[in-house]
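Peer 1: Okay, here's what each chain looks like letter by letter:
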Amino acid sequence: MGDPAFPRDDGTVDRIGLRARGPRDRGPLRRRREDRLAGGVAAGLARRTGFDVTAVRLAFVVATVLSVGVMVAVYVAAWLLVPLDGETGPIAARAMTDRRGLAVAVGLGSLLVLVQAFASAFGTGWLASLAWPLMIGAAGLVLVWRNAPVDERAAIRRVVEPLQGLTGPHRRSGVVARLLIAGVLLIAGIAVLESGHESLAMLHPLTGAVLVIAAVVVVLGPWWLRIARDLVIERQARVRAEERAEMASRVHDSVLQTLALIQRRADDPQRVVQLARAQERELRSWLFDGRAPGTIEPGDMTFAAGVRLIQQEVEAQHGVAVEAITVGDCPLDDDLSALLAAAREATVNAVKWSGAPVVSLFAEVEPAEVSVFVRDRGRGFDPEAVPGDRKGLAESVRARMARRGGCATVRSAPGQGTEVSLSMPRAAGERQPSRT
Amino acid sequence: MSTAGISTRDGSGATTARPRVFIVDDHGLFRSGVRSELGDRVDVVGEADDVEPAIALIAGCLPDVVLLDVHLPGGGGQLVASAIKAAHPQVRFLALSASDAPEDVIAVIRAGARGYVTKTISGAELVDAVHRVAAGDAVFSPRLAGFVLDAFAALPEPPRSRPSFDPELDQLTTREREVLRLIARGYTYREIARELYIAPKTVESHVSSVLRKLQLSTRHQLTRWAAERRLM
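As they're listed, the protein sequences go chains A and B. Counting from 1, one number per residue, gives the positions in the first sequence under the working numbering. Counting from 1, one number per residue, gives the positions in the second sequence under the working numbering.
Excised from the complex, chain B in its bound form (with noise of 0.2 Å):
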């Protein structure tokens, strides 16, 4: 599949220094996949079957981006991200996931995710992913980006019924929806830039400013889906 904004050429700035990386999934055929994709390009520090191991080791080598399974036996992928995020906040995660649901997804990025991508992704598109993770920004995959505008459809709810409507944070800005529209479409960050006239660094504001709403806002869309997971 196509993530957006992962081409190298996409003047982001992705650190030249081989980030170190995490994988936590519980098959053993996937890890050594992702490992051997990964290849020299980034550091392989560790890797965990499920969520106890993973927390325990995460937190002992402190690595810059773990590749967080959504599905693990001993809980959903976000147990593992909650966890560290509340001690170890600079640990960045990017979920993986061969499932498609929503629920799925939304769990895991509103427990501190970075991004999503599933795992179907081509090795070079996922090194550009950690990459783009351990520089701080976000990485969309169009189906996350379809998900997020379903959650913020057009239409407000009312401020009346929800007593803790936000409306920095329940809602998304025309530019932002775009953004998200044109990433859904399969666009490169770069591609989006271009096409909005913006700089390829504005694209990525706007990309984490929507990461930081589907993390914070209470829109009832992201809640239930979250709740599904048990996360809430």
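Bound-form chain A, shown alone (with noise of 0.2 Å):
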């Protein structure tokens, strides 16, 4: 069939297609907020790429010891230079404009050079290799935390915390005894791992090892703990935002869509009551018995019956005729629910806004996908001249179908009609052949 999204001579497309979910995602490379440690970048190029976050980091970590710090620094530009994940541009353009941000980390950078020069002096050439990436790194790191939004600043804390609790006010006396029996674990270990004695051979590289790493782990530990609490509540946080706006979008498409309709219909008291109850039925039946509005339940019905119950229930409730088409079928899931919803309240919006008798829907099962095709005749409308706070389309239709992986398009103008496209990809491992 094409792109349902086919451009038309008068312009009029409004392309909205958002796959967010898939193995791989074609679009740019961003930052992702979603897993991420320090800037997302690791989340964000095994988005990109289809590899696994940690595969990705221990690239990372591997390139960083053979690159001698030099990945660090690659890390920090990729940090300044890839935007976000739904923010338009990268941090680096704000920061071109932060004159005092670039003097502090110019100031930075000289610091380091000075250090850097004292090291060659002494003869301590690692420290010196290392010197380079690690100015470029804070230098970078400067910028990012004068210019980055909150959250993002949030990630820079984490990485810096160690150093911050040498300085803070608060818990000094345990950051210090931490550091005392961090210190003599770290000569103990390397004067274990130096030491000549013939009885110890045996024990040296075990006994020396294990006493370093306990040493880092006393200094580290409580921020590597800390970390990944932190992670965990922000994945809480976001799990509940997402509850959130799908809450939103149900009560939309229930409540405050019946309200819409008493009010309209507000001259035929009989009519009201009657909307009025059913409303009341549904909200009870989500409330109480956990049955959301608006989803049509998985279980013993098919997709095709669900598009069936979607003309029946918008014949019913608000009196246009719908002339529903279905084309093959195939068992609901949760994917195919949603599509299910964003199917009704997109045959609910054209019943109540197009003016227009007839309202067609016509859903196709197919191998790979499912789509379905909401079209009026009505008075249609400028998709650019919407106005934000018409929620209907942009949130209970879009939003939801991204959510899950699938795309809407809406096209529409003024006195032709309006015509939505949805289309879901099928679960892999339900793929089957659309005929029964």
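It is possible that some hints are incorrect.
[What the hints assert, rightly or not] Computed from the model, here is a short list of chain A residues facing chain B with C-beta under 7 Å: (1) Trp223; (2) Ile325; (3) Val327; (4) Phe362.
If you're looking for bench data, these hints aren't it; they were derived computationally from the structure. For each residue, glycine too, the CB sits at the ideal point set by N, CA and C.
Hints given; two lone chains; assemble the complex.
Peer 2: Put into structure tokens, the structure is as follows:
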């Protein structure tokens, strides 16, 4: 059938296809909020290439060791230059206008140059080789810190927290104690490793390594724990935000829609009572039985039956004919239930706003995807001119599809009717011939 | 309901002459309703309420188009169509049905009807459909397009299990599939032509070709639907 967003002469295509899921994302490289430890560069790279995020991080660490720290500078540069998922520009764009930040970064850089000079003077070559990347990295971090949004600063705070612990006013005694213990362990470890005593020969590598590792754990352990805890908390907050969005779109579909209907039918008391009752039933079953309104229960129902149910419900509630045509059929899963809910919302929208006497609802199940087209020959609208507070299409249909990895396109022009195209890729595990 | 390609602006060159129309339906009220809706834009030459009188009367007056109800007391509408088609192939049939069951629709199409519309069609659309059938074109409702897409599902049946498999007749071309999908989505022929960058005439020839396949193919789904109406 080709691209549903077939361009038209009058340029009224409104493409909002958002493929939010899938093994690989073909869009430009973006740093990701989800799964990020520091800047989200590894998470973004993992998403772009389809590799596991842990594998990408390990590759980063290995590259850091092999390149003697150059990778750190590369990472910070990417943090500065790659925009965060959902943001328009990179941090670097803002940093260029931040004169003080640039000054601090240059100052820090020159300080490190001094350190490097000293280090070379004393002949510690390995420190000198580390200094360049560290200098670039630290200067970059300063710029990120000064110009990043709040949530990104939290990530940097995590990265530099051990240093902050040394200078911060609180819990200094704890930090000092930890450093003392670590110092003792470290000295002991190095002593064991360097010691030439014969009775210890067998134990050298093992004991020494254990002591050095223990020193590192004592210093950095609490920090690691905190990072892990922060990550869990952040993830929970995101889940809550998503749940809230889902809930808002459901309340919009059911309660707000019914209230709008009641306002339009205010002259017909019997119809108002009927609507209110139906809404009450629906709301109760959602609140107390956990059955979400606007969703069609997966399980014993098939996709085509769900489409017919939309037709019946919308015709009964709004008194406008819905001509539903389905080709093929398959069992319902969560993705297809979301598709049906979006189709229902688009149909109700067409019935309410188009003024057309009949709305066409065409659904086709294909092996790789399921698509639904909702078309009316009503008054149409200019997709560019829809005010932001009209939640119907924007939230319920587009976002609902995007959350599940689907795609929604709205095509309309004043006086030419409206067509909403929805498509949802089928779960790979459930692919089967569309015919029963 | 909307029916594809029945806008008068489609530039189909539908005949301006008034086609002679015969109405077959067992409900008197429906016949008079259709008669008044068609008005003077067609010439209603007769009507019948069952299979036997319909066959006799149609053979007598040989109309251009017969509006044929799918359900008749003495049998299905396809009995009328097949009886007349055998002797008078120039008489064209347009099936009218309150039912949306594929076996009803497919049976009457396979008996020779050149199109199918539901009884909820508006008067203007019905007049248009009659003109279109009179001009030799096919009239596909979105519903019929859906049935055809279903019957000619994307997965071709393996030829070895179907000795009578004819790739020419038993499969739709990609273009035909596209046209049918747009009809099912409620597009008119004119809109389909614009969407696919082809001439309206080309859309019509695709639809006619699909109609031919629908009538002649031996695909299992089609023969099963037809058999359920005891046509074959």
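Peer 1: Hints first: check each against the structure and report whether it holds.
Peer 2: A quick look at each hint next to the structure:
{"no.": "1", "hint": "Trp223", "result": "violated, 57 Å"}
{"no.": "2", "hint": "Ile325", "result": "holds, 4 Å"}
{"no.": "3", "hint": "Val327", "result": "holds, 4 Å"}
{"no.": "4", "hint": "Phe362", "result": "holds, 5 Å"}
Violated hints amount to a single one, hint 1; each of the other numbered hints is respected by the structure.
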